[in-house]
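Please model the entire structure based on the sequences and the hints provided.
The listed protein sequences derive, respectively, from chains R and V.
The C-terminal position of the first sequence is numbered 168 in numbering that gives the first Met the number 0, with every residue numbered one higher than the one before it.
The C-terminal position of the second sequence is numbered 437 in numbering that gives the first Met the number 0, with every residue numbered one higher than the one before it.
One or more of the hints may lead you astray.
[Stated by the list, open to error] Taking lysine to aspartate or glutamate and the DMTMM-like style, the derived pairs with C-alpha atoms no more than 25 Å apart in a straight line are: (1) K139(R) to E72(R); (2) K139(R) to E405(V); (3) K139(R) to E223(V); (4) K133(R) to E241(V); (5) K178(V) to D65(R); (6) K133(R) to D289(V); (7) K182(V) to E140(R); (8) K133(R) to D180(V); (9) K329(V) to D258(V); (10) K178(V) to D148(R); (11) K139(R) to E241(V).
[Unchecked claim] Listed next, the stretches of chain V that the computed footprint assigns to chain R, with coverage defined by at least 3 CB atoms under 8 Å from CB atoms of chain R: (12) 201-208; (13) 243-256; (14) 262-271; (15) 286-299; (16) 349-360; (17) 378-388.
What the hints contain is simulated information worked out from the structure, not anything from laboratory work.
Just so we're clear, the structure is a prediction, and the values are computed from it rather than from any experiment.
Every residue gets a Cβ at the ideal spot worked out from N, C-alpha and C, and that includes glycine.
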Amino acid sequence: MKLLAKGLILTAALGLAACSNPDRFGGNNVNLGGANGGIVPGSASDPTSPAFFQTAVGDRVLFAVDQATLSVEAQSVLSAQANWLSTNGSYSAIIEGHADEQGTREYNLALGARRAQAVQDYLIGQGVSPARLKTISYGKERPIQVCSDETCYSQNRRAVTVLSAGLSG
Amino acid sequence: MLRAMTLALSLLGFAAPAMAQNGPLRIEITEGVIEPLPFAIPDFVAETGGAGPLALEMARVVAADLQGTGLFREIPSSAFISGISSFGAPVQFADWRAINAQALISGAVSANGKQITVKFRLYDVFAGQEMGSGLQFQGTADGWRRMAHKVADAVYSRITGEGGYFDSRVVHVAETGSKADRKKRLAIMDYDGANVQYLTDSNAIVLAPRFSPTGDRILYTSYESGFPRIYALDVASVGKRELPIPQGDMAFAPRFGPDGRTVIFSLTNGGNTDLWRMDVTGAGAQRLTDAPSIETAPSFSPDGSQIVFESDRSGSQQLYVMPVGGGEPKRISFGQGRYGTPVWSPRGDLIAFTKQNNARFHIGVMRVDGSEERLLTASFLDEGPTWAPNGRVIMFARETQGAGGESSLYSVDISGRNLKRVPTTGGASDPAWSPLQP
Numbered sequence: 000m001k002l003l004a005k006g007l008i009l010t011a012a013l014g015l016a017a018c019s020n021p022d023r024f025g026g027n028n029v030n031l032g033g034a035n036g037g038i039v040p041g042s043a044s045d046p047t048s049p050a051f052f053q054t055a056v057g058d059r060v061l062f063a064v065d066q067a068t069l070s071v072e073a074q075s076v077l078s079a080q081a082n083w084l085s086t087n088g089s090y091s092a093i094i095e096g097h098a099d100e101q102g103t104r105e106y107n108l109a110l111g112a113r114r115a116q117a118v119q120d121y122l123i124g125q126g127v128s129p130a131r132l133k134t135i136s137y138g139k140e141r142p143i144q145v146c147s148d149e150t151c152y153s154q155n156r157r158a159v160t161v162l163s164a165g166l167s168g
Numbered sequence: 000m001l002r003a004m005t006l007a008l009s010l011l012g013f014a015a016p017a018m019a020q021n022g023p024l025r026i027e028i029t030e031g032v033i034e035p036l037p038f039a040i041p042d043f044v045a046e047t048g049g050a051g052p053l054a055l056e057m058a059r060v061v062a063a064d065l066q067g068t069g070l071f072r073e074i075p076s077s078a079f080i081s082g083i084s085s086f087g088a089p090v091q092f093a094d095w096r097a098i099n100a101q102a103l104i105s106g107a108v109s110a111n112g113k114q115i116t117v118k119f120r121l122y123d124v125f126a127g128q129e130m131g132s133g134l135q136f137q138g139t140a141d142g143w144r145r146m147a148h149k150v151a152d153a154v155y156s157r158i159t160g161e162g163g164y165f166d167s168r169v170v171h172v173a174e175t176g177s178k179a180d181r182k183k184r185l186a187i188m189d190y191d192g193a194n195v196q197y198l199t200d201s202n203a204i205v206l207a208p209r210f211s212p213t214g215d216r217i218l219y220t221s222y223e224s225g226f227p228r229i230y231a232l233d234v235a236s237v238g239k240r241e242l243p244i245p246q247g248d249m250a251f252a253p254r255f256g257p258d259g260r261t262v263i264f265s266l267t268n269g270g271n272t273d274l275w276r277m278d279v280t281g282a283g284a285q286r287l288t289d290a291p292s293i294e295t296a297p298s299f300s301p302d303g304s305q306i307v308f309e310s311d312r313s314g315s316q317q318l319y320v321m322p323v324g325g326g327e328p329k330r331i332s333f334g335q336g337r338y339g340t341p342v343w344s345p346r347g348d349l350i351a352f353t354k355q356n357n358a359r360f361h362i363g364v365m366r367v368d369g370s371e372e373r374l375l376t377a378s379f380l381d382e383g384p385t386w387a388p389n390g391r392v393i394m395f396a397r398e399t400q401g402a403g404g405e406s407s408l409y410s411v412d413i414s415g416r417n418l419k420r421v422p423t424t425g426g427a428s429d430p431a432w433s434p435l436q437p
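In structure tokens form, the structure reads like this:
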């Protein structure tokens, strides 16, 4: 399911790049396997693109129930995020903290803030400038999966690093 | 804009007194099991030409208010032996005793331009006498439901000895859209779901509104600026403004103090959420807690001297009470599970809360020292209790399970009886009950 979703995002990103930049490669656009090495700028295959960050690097980490501790797996994703951010210095990021629906609304807002902060602290620890990072919590207001069992809850207990162009104000 | 109405109240003259033949008509609503008290409410008498439709409708609203409490049972008019054809005529008590009507409510409505007057008398049928004096209320015709609620409040109050709660309103979050794309806006309505008015659009997430002590203003949390911030909204003008916050990433969970000026709220800074207080102008911000744990969902005691709030300083969400001026919080919840969203009763005697245990949610009440915990509800997700103005009924939000899950408002007596859905036009969450309207 997750892989399929990634595939769809990739396809969509390729489609978008093709539509919005019809002349990007001039007369060479029939030869994608040539000088460009198959990389369509802005697509998920372009390592400098937000799409690449989302899919290849991984834009999110997941948390245990009522916890904001970063797992080993989460730390490895965040290290990759920090690497990407250090080589793509024109991007800033808002880290969104989320909770699953098993909790009261205001507590979950605070819990989401804790999760976003844990991510921010880790990225700063890996050398990302604090000036490029902001946090926000959505508590349980923005689930991405809507079933009411652990398969969905585990995907909703997340912190997502959302890129934006330019330094955050 | 908002049915601004002046309700003039006046006493009517005494009806002919009769000797009481047994104890006074009375419902003790603290008793464990209650047989609803049978009452009759004939159509109100229309005393002027234009008052006919309202006379019928107002009697229906009064009947619905009383019956909705679960403490009263209306006797259908088909059982009536005699009627009330004139407000001043003597009551044929024998005819009402014969159908076992213990209480009889007679009323009359007159209209004069846009002004209407409703008057009523309450009779203790078996005592053969009037209970209290007749009352009359005057107001504009568009406020007719409020006038009917006032009649019902007076009847409820005389029979139970408790304050009423029918002439009150509920602010809440109206929800539309699928669970993955929920749209939220603030809405206000009468306690029974009538007269819905939307206060914000659905462009920004809004959460957890609360009334000022007089019901004229509302504090709530909105993402309007892109980040969670506190807003104050004037109910009459629907004008709103963002409250300045001292620092931090996120401000939420605002509540008015009983003085109508002090605001307590949660402020998140560096991922850590603490309680603060300030004046509603934003002046005098002062930190109330300073701990690495989550402190949120505060609620003032009615006398303004203490606050109850939730904190996970022990490792899980629990309830604490502390003096408003600061000081060591005292934990009051010790049962199994997690406790949140404490709300102090307007009577000062109880704290309502949300409890999570074994993957179920409950609304419960406990005494302010944490003793005598009682759970009133159980479901997949019940949360966010709010008190009726008389401290006898609690409203809360219940969300159903799964992808099609929807949130609705429910009310329940603090006895645990009379659980029922509150009618709303769509999904609804985060209810807050107003004080009784003046």
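Task: Violated constraints from the hint list, given by number and in increasing order - done: none
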